[in-house]
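Protein chains: 2
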Amino acid sequence: MTTTTPNAIASVLSDLVGLDIITDATQVAKLSHDYYHFSPVLQPQLQDKFGDAVVRPVNEAEVLKIAQACVRHKVPLTVRGAGTGNYGQCIPLEGGVILDITKMTAVKWMKPGAVRVEAGAKLAALDKQTREIGWEIRMAPSTYRTATIGGFIGGGSGGIGSVTYGQLRDRGNLLAVRVVTMEDEPRILELRGDDVYKVAHAYGTNGIITELEIPLAPAYPWSEIIVNFPDFMSAARFGQALSDADGMIKKLVCICPDPIPQYFAALKSYIPAGKHAALLMISETCLEPLAEFVKEFSGEITYQKPAQEAGKGIALAEYTWNHTTLHARSVDPTITYLQTLFPDDKNLSLLEEMYHHYGDEVMFHLEFLRYGGKARPASLQLVRYTTEERLNDIIRDHESKGAFIFNPHTYLIEDGGMKMVDLAQLQFKEQVDPYGLLNPGKMRAWLERS
Amino acid sequence: MTTTTPNAIASVLSDLVGLDIITDATQVAKLSHDYYHFSPVLQPQLQDKFGDAVVRPVNEAEVLKIAQACVRHKVPLTVRGAGTGNYGQCIPLEGGVILDITKMTAVKWMKPGAVRVEAGAKLAALDKQTREIGWEIRMAPSTYRTATIGGFIGGGSGGIGSVTYGQLRDRGNLLAVRVVTMEDEPRILELRGDDVYKVAHAYGTNGIITELEIPLAPAYPWSEIIVNFPDFMSAARFGQALSDADGMIKKLVCICPDPIPQYFAALKSYIPAGKHAALLMISETCLEPLAEFVKEFSGEITYQKPAQEAGKGIALAEYTWNHTTLHARSVDPTITYLQTLFPDDKNLSLLEEMYHHYGDEVMFHLEFLRYGGKARPASLQLVRYTTEERLNDIIRDHESKGAFIFNPHTYLIEDGGMKMVDLAQLQFKEQVDPYGLLNPGKMRAWLERS
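Residue numbers (the UniProt record's numbering), protein chains in the order written: chain A, 1 to 450; chain B, 1 to 450.
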């Protein structure tokens, strides 16, 4: 445990005079939290965790200053983007300084296929700029309007676009990261190649990401489409077939079984009760072959927004990924969720078994994504929460049957997806954050190192 | 059998006065053949098959006229592109008229993601036009400089680009086809959606393709790269890993085991004897992550041509797919080849077994391609030919072990890849070519219909 005394905080802040500092308790409290309340397990663990002050640097020189001050006075520093994470990634467990990166948004350069940008750029704003040259970011969470690229790389794993480009951790999806260290004399390091994985998805525990180089995807003319199906497994098989179709250009293949669409106020008129819906983003050039898939699986297209209306009216993507959970919880706050990758099972049999087994308790919202070169259904199941014990039983049941759970009910990096220590991340932390000041308490390997 | 009498031919030609007609025997002979001589089995079967005259229409109206004349006089009509096929697809078995489509090359329109073009456009020339708006054709055979789009759709199945976009027959890779029929009153039909498969890969047996609508891919800045490996299986596993990497943008992943590279005069200095080479086309934005794959599999990059030099010097693609066979045969004309899809085998074990089993007799040149959503190694094995019996033994051995052979030693559509009758193609032929005049003798289903 670090000790964050009022004196130490005061010393840090006095070192940082002239920077944009927030100490108002209400604002600091707001900027200490994220969407961890999706988890009834994390809720009691994190609700009373707050930083002592927020600093908002406008450039890397200021980031260096902040790092220097925190190291000098041994005050914890927790980096924050837009706070759209769900696992308390950016909630400071031991108080200290919150470094809010959202004022650093400059695009350093862009070219066909890649962009270099500061960590605080919002994904939608970045997309707007790169689309001017015909390109867009490869993948984004459903919170793309507010989420930052630094936060996404630091705490996310994939999203809209993953049905084509896989996960953030797949080689090629992150080209370079620039980080400020927390050594006695903080340094600026550029990590490239596989070295980027030393800090990617490390929740800011081993470096302050200030700048990133990410690949871009061609900005196809995306059409947004809803297809209804009479039964869940037809919708799921349609999703798998479409995701497996190498000739079909797609950005989103989301399946929402009944009754989930009934939580979507704005979409209800397109998805009657009892229907199971696919929410899709497909290149307009592929609409005719899409119609053949729809026919093959007995679906019915009930909504179609042409690409030229993108940005107007309903954004279908904002009903998918964890926005599905958000909409459900806005109607029924007792609902929580899980994150599951189903095995590479040719006929979706395990999914079918689980769907029937759990009935109304676990609603198998599916997001298709590519994983290791193959499209597979991931589920962000909506779970009607009763007790933590029952939730853990459900998790164990999934795991025993061969489904892989990325547990969203823990703030420890390793206990979420990896289930094992990432030695490279630990060693990098030992090197660049010798006092363990960066986002303390989140890396199990650090806590348990001998 | 149709009967092509000199009188009938004369009548057809007299109906076509004013069109570009070739009757010079040498030229007609040349325009009757393709690269069937890659197959020592097809060689004796096809070497004496020639058309009686070649007609080269400049527009669809002329195609209609030719169709009309051939139907009126019951003369066979065989459509020809550049004649770069390898199975005698365009060799007229019963003489008659050869319709050479190469003068019809107009681009009707193009837009981001799609182009509409006449069937005789050469692939490279088409690419040159679409690249002006930042797009290119999704896949092409290694003969892209001379091959026509109509010939590729009529007789090809995939190629350079298939590692990303799969096969031509995959939904989304062919949007529309316009065909002229051979009924008493020839008609013009537009086929869209799944209807395109009525005529795709039908060798021109059931309609004269005059125009096509095909999807386009983003024109990434392709870098051409040679990587050497100390052993074949490292090269093969590298190829599989790179092909499975969803974050890596690639157009070509070709593996040429030793001694195949020694047949490539222009590449020898980059691939010493004893080395197994990967020939790659990778987006320049992915070169740093590529280096990590190379390191992981103990490879060494010995050649790298930047994208800005595309079109100058060596074109690596022209050493891959069936150009590999071409180069080998130019040194040793006794070499022939097979076409094999290996099963979705996680550790390439069958490939390894076959590689060791056959030694020098079968050289497992690999082309990775996406098949049903998953990258798999296809092999265009070079085979040291001895007898047809031995070749058939090799084929049967592959099939018995679970490898799928697309036999290039037959001119029958069904006996190549499909192994079964395509009822939709047969029914379409019954409808639009009731006299069986289009490329007679190539569709087994038609020959054997009751």
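None of these hints come from the bench; they were simulated from the model.
A portion of the hints provided could be inaccurate.
Distance ranges between label pairs, derived from CB positions [as the list claims (entries may be wrong)]:
id: 1; chain 1: A; residue 1: 192; chain 2: B; residue 2: 359; range: 40 to 48 Å
id: 2; chain 1: A; residue 1: 300; chain 2: B; residue 2: 393; range: 51 to 59 Å
id: 3; chain 1: A; residue 1: 192; chain 2: B; residue 2: 384; range: 40 to 48 Å
id: 4; chain 1: B; residue 1: 192; chain 2: A; residue 2: 146; range: 48 to 56 Å
id: 5; chain 1: B; residue 1: 269; chain 2: A; residue 2: 344; range: 39 to 47 Å
id: 6; chain 1: A; residue 1: 190; chain 2: B; residue 2: 298; range: 25 to 33 Å
Owing to the predicted nature of the structure, the values given are computational and were not obtained by experimental measurement.
Note that the Cβ used here is the ideal one computed from N, Cα and C, for glycine as well.
Here is what the structure says about each hint:
{"no.": "1", "hint": "A:192 <-> B:359: 40 to 48 Å", "result": "42 Å, holds"}
{"no.": "2", "hint": "A:300 <-> B:393: 51 to 59 Å", "result": "52 Å, holds"}
{"no.": "3", "hint": "A:192 <-> B:384: 40 to 48 Å", "result": "45 Å, holds"}
{"no.": "4", "hint": "B:192 <-> A:146: 48 to 56 Å", "result": "41 Å, violated"}
{"no.": "5", "hint": "B:269 <-> A:344: 39 to 47 Å", "result": "42 Å, holds"}
{"no.": "6", "hint": "A:190 <-> B:298: 25 to 33 Å", "result": "26 Å, holds"}
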